Amino acid sequence: MKEKVQVSGGTGLSAKDVSSGKIFVTDDSLDCAYAWDTGVAVNRYLAELKNGRIIATECRKCKRIMLPPRLFCELCYVPSNNWVYVQDTGVINTFSICHVHWDASRIGEGEKPHLPAVIEIDGASEGMGIMHLLNEVEPDQIKIGMKVKAVWKPEAERTGSINDIKYFKPIE
Amino acid sequence: MSKKVAIVGIGYSGFRTTSTDVSYREMIYEAATKCYEDAGGIHPQSIDSFVASSEDFMEGISIADEYVPDQLGAVLKPVQSIAGDSLQGLASALMQIKTGQFDVVAASAFSKISNLSSYENVLSYATDPAYIRPFQENPYFIAGLEMNRYLYETGTSREQCAKVVIKNRYNALKNPTAIYGAKIDMDDILNAPPLCKPLGEFDKSGHLDGAIVLLLASEDKARELTDHPIWITGLGWATDTPNLDSRTDTLGSARYAELAAQKAYSMAGINTPYNEIDFAEIDDTFSYKELQHIEALKLCGPGEAGELLDLGSFAPAGDLPVNVSGGSLGVGYLHEANGLHRVLETVLQLRGEAGPRQLPGVETGLAFAWRGVPTTTGTAIILSNKS
Amino acid sequence: MRKVAMVGAGMTKFVRRALETPKELSYEAAKTTLDSCGLSLDDVDCVAHGTAPDAFDGIHQNGEYMACGSGGWNKPTMRVFVGGATGVHAIAHGWYHVASGLFDTCLVVCEEKMSSAMPHAQGFFLTIFDSITERPLQPNLLWIFALEMNRYMERYGYTKEDMALAAVNNKRNGLKHPASQFTDEVTVDDVVNSEMMAYPVSRLDVSPVSDGAAAVLLAAEPVARRLTDKPVWIEGVGWTLDTAYWATRDLSYPRYLDKAARMAYDMAGIREPHKQIDIAEPYDPFDYKALHHLEGLQLSPRGKTVELLRDGHFAMDGNMPMCPSGGLLGVGNPIAAAGTMKACELFWQLRGEAGERQVPGNPRLGVAQAWGDLMQVSSVVVAGI
Ligand SMILES: [Zn+2]
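Residue numbers (this note's numbering), protein chains in the order written: chain A, 310 to 481; chain B, 530 to 916; chain C, 401 to 785.
Hints in this document: simulated from the structure, not taken from any laboratory.
Below, simulated DSS-like cross-link-like pairs (lysine-lysine); rule was C-alpha separation at most 25 Å, straight line:
#	chain 1	residue 1	chain 2	residue 2
1	B	Lys563	A	Lys370
2	B	Lys563	A	Lys372
3	A	Lys452	A	Lys475
4	A	Lys462	A	Lys421
5	C	Lys630	A	Lys313
6	A	Lys458	A	Lys478
7	C	Lys431	A	Lys313
8	C	Lys560	A	Lys421
9	A	Lys313	C	Lys576
10	C	Lys423	A	Lys331
11	B	Lys532	C	Lys403
12	A	Lys452	C	Lys704
13	C	Lys560	A	Lys452
14	A	Lys462	A	Lys478
15	B	Lys915	B	Lys532
16	B	Lys533	C	Lys403
17	A	Lys325	C	Lys423
Treat the numbers as computed from the prediction; the structure is a model and nothing was measured.
Chain A extracted, bound-state conformation:
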């Protein structure tokens, strides 16, 4: 059977090709700045985080209690302006033990790995999770299904941010 696969170009370079000056490089650091409007729903979410509470919205049609809160139910496509407080506890839906930073550099020796998780928040509808971090737990002890509780920053340090919750830690 004859091969007719057409491949051309794609000349591989090594790091040395660049460092030795064989290949010229144009450097540029991008300088972009944004200030995103949080809007009605997320603004209230952040304001309540500053108060040390988690707030959700309920859809009057499908009755889902949704996190993060939103001004409209994306499924029923109706406004969802019924605000309800939910707990600051929840259940680990899934987690990871991450040994690299956001820029792909490895965490240093002795540095603790990042522990991101999806946490289904108590009081919100089933499956309504948010992404956050875990702590005060040995990585190898984390299990899917574990109950966790938010550890808040002291009130004076809260700024109206998802980081007003420092992390979640296992309870019981």
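Based on the hints, put chains B and C with the ligand in the right spot on chain A.
Relative to chain A, chains B and C with the ligand alone:
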């Protein structure tokens, strides 16, 4: 290609310089809700496909198409983004319907330019990283080069460009969604601080936040959803080279507009555009662009636009009203949502819903969008209220 | 409906860091594709273009910048964008250009140059997360995949060894691909023992960031028949996006792919995909994804995929060869180009032109798929001879 396609719903929100009270999601939700109401109260679950138009750097989000579905009611539906002007997004929606696989498709776009505090930087990142960017010039310099060349090649005067600004900002006074409406003098424009000479501060349109959603449908579906379908009879788009140094023969003209229009006219069966088109909404990102585009779109001969403008041909009461809405100079510049804005205004006129700026007895309108410097992409669409 | 076929295909090598600029990579893929069917740019009516985030290249309006490289100069050219799913979606994008009747031929070109991003392309993925409710946590791209992989494994009791089987399979297939950047076979042990990135994801579970481009030429039926006696027909296309609130979804099953696949199969008139499809190119940026996607594609019952994999069902000589190209794990992952590479593979395999890695038994129907965004979008193309 027998399948006819109509615009059956329009909705918009915003058109302000800032919109701090709402997130982009909430702004689009409002526009989409209005659009679906306008199309007989259709529920988004009955819409077959959704097309958004956006560019990542404008939003500060990589892979910004992630955030499209929810506010359109499009969760688990065919949804895609076009990295282009929203009139290209609309073209994509049109093609989907013409395949026969889709009956109703939504096209959406928005601008939250007020959230981007380094717009000029972002714009400069659209220029070639090796050839152009090292100059560290504000990319408006390309508009300066184009304008100078256009004036040189056609004999159009600086004053004629200024008259575009006067016309469009005056037209905008009759448009309640326009925020740059004004009665200004020639002297104001000519004495304004230069931007990139001959381009001055008044020759460029001002930024705007806003969201627009339009709904397209196949013929049968269109008649079901609305009593006033506006038919898309022609559409075309084209891209010239992005390499500034390869554009020596087209810096003064707008070849992309000419190519896009050729395709749109041939689809619509239009042979003499000047006679067959009643009015036009044409890109006026910069003052000279309106004149240059009018010529490239064959709405007059080469170099004649300035003179016809002097004669009042493009005024609301003229033979071929251009930018009765106020255009980008009068309404404001909505970035990738510009194309849909021009279609929105054209549809309002063809439906007879344009209020104090309504043109009498119009049947066929042309809308044309350009993506701004440093791009060379334009899209033309012909709309008609006659089936 | 107007029938549309692939009549030519071509690609560049996938490499860690390419000498060529994005424009040059696009040109190589486009030109090779035109050469493969004996056409010139004059024969191309329009260009459908795909590339994933602009942040990699640091170029705003990247589609405009690339236009002349991909053959779009003075033509209708339009860039489509659905994150990682772009490479296969671009085929659907090209398909409706032609199926609509607006154009007779369409050149589909997808390119990705990830090596320009410093210090690492992964850093730019921070900006895919919700700017207000997620980005302040400084997430990295691996997180969401690790979270999804963990949930998938937990749901069916799969182990890391199970997942590694997919990497071994695809990397072995890829060794025979002339564009591949790999030369060595790997074992399950190699994968499981490779450096831990984000549990449960180890280095060899992941496909490498790469530079490259791939292209296909689409033509309407009469043109296609004139150009070749073996057109590869686009039988069906499908794509779906799920909610952006990704943490509220069942991560163990790709329902976005379920819907996209059904859309494509409906169009193709396929009722029993697991019996009717001969070859599958599920999207495999991570080994678990290949398996996850086989389930979403309705080619394997949920939770039974590892069993079938161990039984050789998805091997080159099995009933349903998985990623005969080698996939992203075996050839490389220049994001949008990698998806289009899968469509190229269907083209070569269904024409019997895949040489050393030709799937035996004259395959007649294949499916290619890509996936992306916040684990929420899939695009599917079904092609047949
Ligand atoms: Zn609801």
